[in-house]
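Protein sequence lines correspond, in order, to chains A and B.
For what it's worth, the numbering used here labels the leading residue of the first sequence as 1, then goes sequentially.
For what it's worth, the numbering used here labels the leading residue of the second sequence as 313, then goes sequentially.
It should be emphasised that the hints constitute simulated quantities derived from the structure, not laboratory data.
Treat the hints loosely; a few may be bogus.
[To be verified] Under 7 Å between C-beta atoms, here's a sample of chain B residues computed to sit facing chain A:
#	residue
1	Val502
2	Ser623
3	Gly628
4	Val634
5	Val638
6	Val644
[Unchecked claim] Chain B stretches covered by chain A per the calculated footprint, using a threshold of three residues with CB under 8 Å from any CB of chain A:
#	region
7	482-491
8	539-551
9	566-574
10	616-622
Just so it is clear, CB atoms sit at the ideal spot from N, CA and C, and this is done for glycine as well.
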Amino acid sequence: MPAYITRRVLQFVPTLLGVMLLVFGLFSWIGGDPAYLLVGKIPNPEQIENIRRQLGVDQPYYVQFWIFVKQVASGDFGASWATNERVSAIFATRLGPSLIVLLPMLAVSTLLAMAAAMLVAHVRGSLTDRTIMIGCTVGQSISILVYILVLQYVLAYRLGWFPVQGWGNGLAENLLRYSALPIIVGVVVSLAPDIRLYRSFFLEEINQDYIRTARAKGMSETRVMWVHVLRNAAIPIVTNVMIQLPGLLAGAFLIERFFSIPGIGREVILAVERSDFPVIKAVTVYVAIATMIINLLADLLYKAVDPRVELK
Amino acid sequence: MSTGATTLSGAPYPASPGLWALAWKRLCRDRVGLASFAIVLLYLALMAASAAGLVAGDWSREAGVSYAPPSFLGPGSAPSAERAAPGSEAAAGAPPEDLGIVDPLAAELAEIRKELTGVSVSESRAPTLAFGGDKWGRDVLKKAIKGTETSVLVGIVAAALAVFLGALFGALAGYYGGPVDDVFNWIYSVFTSIPYLLLVLAIAAVLNQKGTATVILILGLTGWTGTFRLVRAEYMKHKVREYVLAADAIGASNAQRMFGHIFPNVSHVVLVQLSLHVVLFIKSEVILSFLGFGVGVDTVSWGSMLNEAQSELLLGQWWQLVAATVAMAVLVTAFSLFTDALRDALDPRLN
Numbered sequence: 001m002p003a004y005i006t007r008r009v010l011q012f013v014p015t016l017l018g019v020m021l022l023v024f025g026l027f028s029w030i031g032g033d034p035a036y037l038l039v040g041k042i043p044n045p046e047q048i049e050n051i052r053r054q055l056g057v058d059q060p061y062y063v064q065f066w067i068f069v070k071q072v073a074s075g076d077f078g079a080s081w082a083t084n085e086r087v088s089a090i091f092a093t094r095l096g097p098s099l100i101v102l103l104p105m106l107a108v109s110t111l112l113a114m115a116a117a118m119l120v121a122h123v124r125g126s127l128t129d130r131t132i133m134i135g136c137t138v139g140q141s142i143s144i145l146v147y148i149l150v151l152q153y154v155l156a157y158r159l160g161w162f163p164v165q166g167w168g169n170g171l172a173e174n175l176l177r178y179s180a181l182p183i184i185v186g187v188v189v190s191l192a193p194d195i196r197l198y199r200s201f202f203l204e205e206i207n208q209d210y211i212r213t214a215r216a217k218g219m220s221e222t223r224v225m226w227v228h229v230l231r232n233a234a235i236p237i238v239t240n241v242m243i244q245l246p247g248l249l250a251g252a253f254l255i256e257r258f259f260s261i262p263g264i265g266r267e268v269i270l271a272v273e274r275s276d277f278p279v280i281k282a283v284t285v286y287v288a289i290a291t292m293i294i295n296l297l298a299d300l301l302y303k304a305v306d307p308r309v310e311l312k
Numbered sequence: 313m314s315t316g317a318t319t320l321s322g323a324p325y326p327a328s329p330g331l332w333a334l335a336w337k338r339l340c341r342d343r344v345g346l347a348s349f350a351i352v353l354l355y356l357a358l359m360a361a362s363a364a365g366l367v368a369g370d371w372s373r374e375a376g377v378s379y380a381p382p383s384f385l386g387p388g389s390a391p392s393a394e395r396a397a398p399g400s401e402a403a404a405g406a407p408p409e410d411l412g413i414v415d416p417l418a419a420e421l422a423e424i425r426k427e428l429t430g431v432s433v434s435e436s437r438a439p440t441l442a443f444g445g446d447k448w449g450r451d452v453l454k455k456a457i458k459g460t461e462t463s464v465l466v467g468i469v470a471a472a473l474a475v476f477l478g479a480l481f482g483a484l485a486g487y488y489g490g491p492v493d494d495v496f497n498w499i500y501s502v503f504t505s506i507p508y509l510l511l512v513l514a515i516a517a518v519l520n521q522k523g524t525a526t527v528i529l530i531l532g533l534t535g536w537t538g539t540f541r542l543v544r545a546e547y548m549k550h551k552v553r554e555y556v557l558a559a560d561a562i563g564a565s566n567a568q569r570m571f572g573h574i575f576p577n578v579s580h581v582v583l584v585q586l587s588l589h590v591v592l593f594i595k596s597e598v599i600l601s602f603l604g605f606g607v608g609v610d611t612v613s614w615g616s617m618l619n620e621a622q623s624e625l626l627l628g629q630w631w632q633l634v635a636a637t638v639a640m641a642v643l644v645t646a647f648s649l650f651t652d653a654l655r656d657a658l659d660p661r662l663n
């Protein structure tokens with residue numbers, strides 16, 4: 001096991017190097033000279049020279065790349081070009097709101113999708129199963145934008161059950177008042193694809209020999225489903241949820257944007273709109289690192305709960 | 313790369329009783345699959361007709377009043393007092409520029425517009441349109457058709473590019489193995505460690521220019537990873553099979569074995585991937601265009617329609633939202649069901 005972990009961690013190095021090369025290549029070669037972006041509408045050669053020197057853009061590419069590597073290692077990406085706020089400070093203050101919305105959303109949607117998936121897998125082939133599956137296919141075809149627009153309009157704007165958007169200061173206020181509708185929207189959006197996926201996990205287990213054995217020895221259907229099938233199907237579900245997490249951190253940008261939640265995702269959109277390269281670079285590299293670490297943790301968890309899995 | 317439609321349209325020829333003929337037969341037995349295939353073909357025909365200017369060529373004509381409400385029965389059924397949208401306090405039928413201020417350039421502008429489009433502003437505007445109008449009184453149905461052209465074009469071309477890259481890389485990596493495989497696997501792990509939409513946004517930020525070609529490039533260059541993994545696994549499996557060894561024995565070159573001998577046997581995987589990616593990219597294009605990183609401002613797409621619908625909804629004007637949503641949902645549902653049917657038809661072992 002320690003040998004496995006060591007090897008996996010060592011494999012991070014080339015991948016991370018690749019991510020940095022990709023990000024560096026994108027922003028330094030294709031992205032053009034940042035001095036022209038920064039200097040504003042009336043370019044002044046002296047000013048451009050000044051900015052180039054400050055950013056290190058006048059150095060050869062290998063020196064610039066080395067600066068970038070040092071930034072990644074130290075976590076200091078300098079200041080945002082748009083607001084002059086430290087990039088590290090942006091991360092520190094934006095992570096909390098993102099998590100306040102994301103974690104309850106993941107928990108609720110996973111539990112609901114598991115329950116629904118177990119039900120439809122149990123009555124597979126029936127009218128209920130087919131109706132729900134077709135409903136999921138249709139539900140998945142509607143853009144996430146429509147869900148957000150309509151739910152925000154109906155539940156907040158027309159019915160006034162929730163604030164239309166906003167964010168407060170206290171944890172309880174944010175969680176109960178401002179996050180409620182974003183969480184509902186997130187759950188509704190993820191329900192359809194999750195039910196489809198989890199149903200296949202449940203079906204995989206229901207067709208196994210040990211389930212037939214359990215039934216053959218007279219075990220009640222409730223116990224078969226809730227103990228034997230659920231426990232085994234939960235393994236891929238939990239790893240799947242874990243693997244989703246880093247992507248969601250940046251991927252919840254639509255929800256964060258519509259509901260004005262000061263999270264990482266909204267920061268990404270703002271940065272893209274303002275060509276704020278330091279923020280985008282930092283988010284991309286750190287989310288990639290988080291993805292690698294969480295994938296490793298998911299594999300280890302898989303091994304821990306299912307001894308049949310062999311780590312190669 | 314060929315699209316699913318043209319490949320399949322070549323399939324029913326009786327002269328080729330191979331995999332494709334069998335798959336076509338199985339697809340014909342699948343009612344849902346066939347129906348969804350028909351809908352997909354209908355959309356493609358609509359797209360072609362719209363691109364050729366046969367339908368919705370006059371989508372930018374300001375046919376109705378601003379925010380003309382939908383009414384199938386014509387203006388008679390919607391008296392001017394009720395032109396406002398249901399539930400909205402403001403008289404939505406009134407054009408936003410009608411503030412009692414006389415535009416001093418109105419006459420000149422009307423003259424210019426008439427010269428440009430041949431349509432006079434003073435031409436009578438319908439108080440209602442069959443499916444409703446947008447801010448400039450353009451028919452939302454025609455806009456939705458025009459948006460179909462953009463979104464489907466982006467989806468298909470980007471999917472073709474992504475699947476082509478994925479299949480090529482997968483073929484090279486799986487066939488040659490060794491260092492070639494290592495290099496492609498390294499690139500794969502780099503691309504998959506960055507969440508897909510984040511990568512798309514980062515590239516959009518760098519390119520910093522809008523346009524259909526840009527969206528196609530962004531989606532195509534980032535979306536090849538799934539196809540790569542599947543095709544690579546297929547090539548690793550196939551390269552040691554007898555028929556490939558036999559091809560080697562009669563002196564077939566590496567390229568001939570890869571693309572002449574193995575590729576036809578893995579092409580069903582590629583086709584299903586193509587179909588899957590069209591759906592994925594249509595959804596991504598809608599999000600990108602909505603955020604303003606997608607197609608240009610002069611191009612209609614479902615995403616830009618939803619963007620306009622965002623503020624219209626607050627005024628109670630739901631028709632543009634509904635037009636874009638329904639147009640997209642029907643196509644994406646049909647395409648998803650068709651993809652499932654295609655997979656079942658091409659690979660019956662899965663059942």
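To see whether the hints hold, each was checked on the structure:
1. Val502: This hint holds: B:Val502 lies near chain A, its Cβ roughly 3 Å from the closest one there, short of 7 Å.
2. Ser623: Violated, about 10 Å.
3. Gly628: violated, 9 Å
4. Val634: Violated - the Cβ of B:Val634 stays beyond 7 Å from chain A, reaching only about 9 Å at its closest.
5. Val638: B:Val638 check fails; min Cβ-Cβ to chain A is 9 Å, beyond 7 Å.
6. Val644: Holds - the Cβ of B:Val644 comes within 7 Å of chain A, reaching about 4 Å at its closest.
7. 482-491: violated (count 0)
8. 539-551: violated (count 0)
9. 566-574: n = 0 at 8 Å, threshold three: violated.
10. 616-622: holds (count 3)
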